[in-house]
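Asker: Take any residue in the sequence shown, count from 1 to its spot, add 11: that is its number in our numbering.
Just so you know, the hints here were simulated from the structure itself, not pulled from any lab data. Any given hint could be a false lead.
PhoX-like, lysine-lysine: derived pairs with alpha carbons at most 25 Å apart [said to hold, decoys possible]:
id, residue 1, residue 2
1, Lys25, Lys46
2, Lys36, Lys46
3, Lys28, Lys46
4, Lys46, Lys93
5, Lys35, Lys25
Beta-carbon label-pair distances, calculated as ranges [stated by the list, open to error]:
id, residue 1, residue 2, range
6, Gln85, Arg33, 16 to 24 Å
7, Gly94, Asp57, 16 to 24 Å
8, Ser21, Asp91, 17 to 25 Å
Being a predicted model, the structure only gives us computed values, none of them experimental. Even for Gly, the Cβ is constructed at its ideal location relative to N, Cα and C.
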Amino acid sequence: MNFWEKITGSDMTKEMKTFESRAKKLPADYQTAWKQINANLWPHSDFTGRNLMPILDGVLGLLEETAADGQRVQEVLGDDIKGFCSALAGEEGAKVLSRQVARAAQQ
Numbered sequence: 012m013n014f015w016e017k018i019t020g021s022d023m024t025k026e027m028k029t030f031e032s033r034a035k036k037l038p039a040d041y042q043t044a045w046k047q048i049n050a051n052l053w054p055h056s057d058f059t060g061r062n063l064m065p066i067l068d069g070v071l072g073l074l075e076e077t078a079a080d081g082q083r084v085q086e087v088l089g090d091d092i093k094g095f096c097s098a099l100a101g102e103e104g105a106k107v108l109s110r111q112v113a114r115a116a117q118q
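Build the full structure now, drawing on both the sequences and the hints.
Answerer: What follows is the structure, encoded as structure tokens:
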């Protein structure tokens, strides 16, 4: 990423477009969950929102893997998407996501 991309955020715009095209390939219930996750994570962003890019990428990867395995989205995220997002955005976010991915891989 060059200086101009960092200042304008054009790199993030490209990344978000990539996320959205990946999300469109998910089943409908997963797409709905992705939209809710996206909406609930942004209040936890830093000034630029760059801190959320790896989290969003990880969550989308989790959704892609579990959808491919045929799991229901509620099995993966539970019923409290807002709480799921708060946990991801908090200090324990990476650990929670890792546990979710590990659990999904075992099933």
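Asker: Look at each hint and say if it fits the structure.
Answerer: Comparing the hints with the structure gives:
Of the supplied pair hints, the one linking Lys25 and Lys46 holds, its CA atoms being roughly 18 Å apart against a limit of 25 Å. Restraint check for Lys36 and Lys46: the C-alpha separation of about 13 Å stays at or below 25 Å, so the hint holds. About 13 Å separates the Cα atoms of Lys28 and Lys46, which keeps this hinted pair within 25 Å; it holds. In summary, the hint linking Lys46 to Lys93 is supported, as the alpha carbons are separated by about 12 Å, within the 25 Å threshold.
The suggested pairing of Lys35 with Lys25 holds, with an alpha-carbon distance near 16 Å, which does not exceed 25 Å. Between Gln85 and Arg33 the beta carbon distance is about 21 Å. The supplied range of 16 to 24 Å therefore holds. Between Gly94 and Asp57 the CB atoms are about 21 Å apart, so this pair conforms to the stated range of 16 to 24 Å. At roughly 34 Å, the beta-carbon separation of Ser21 and Asp91 lies outside the given 17 to 25 Å, and the hint is violated.
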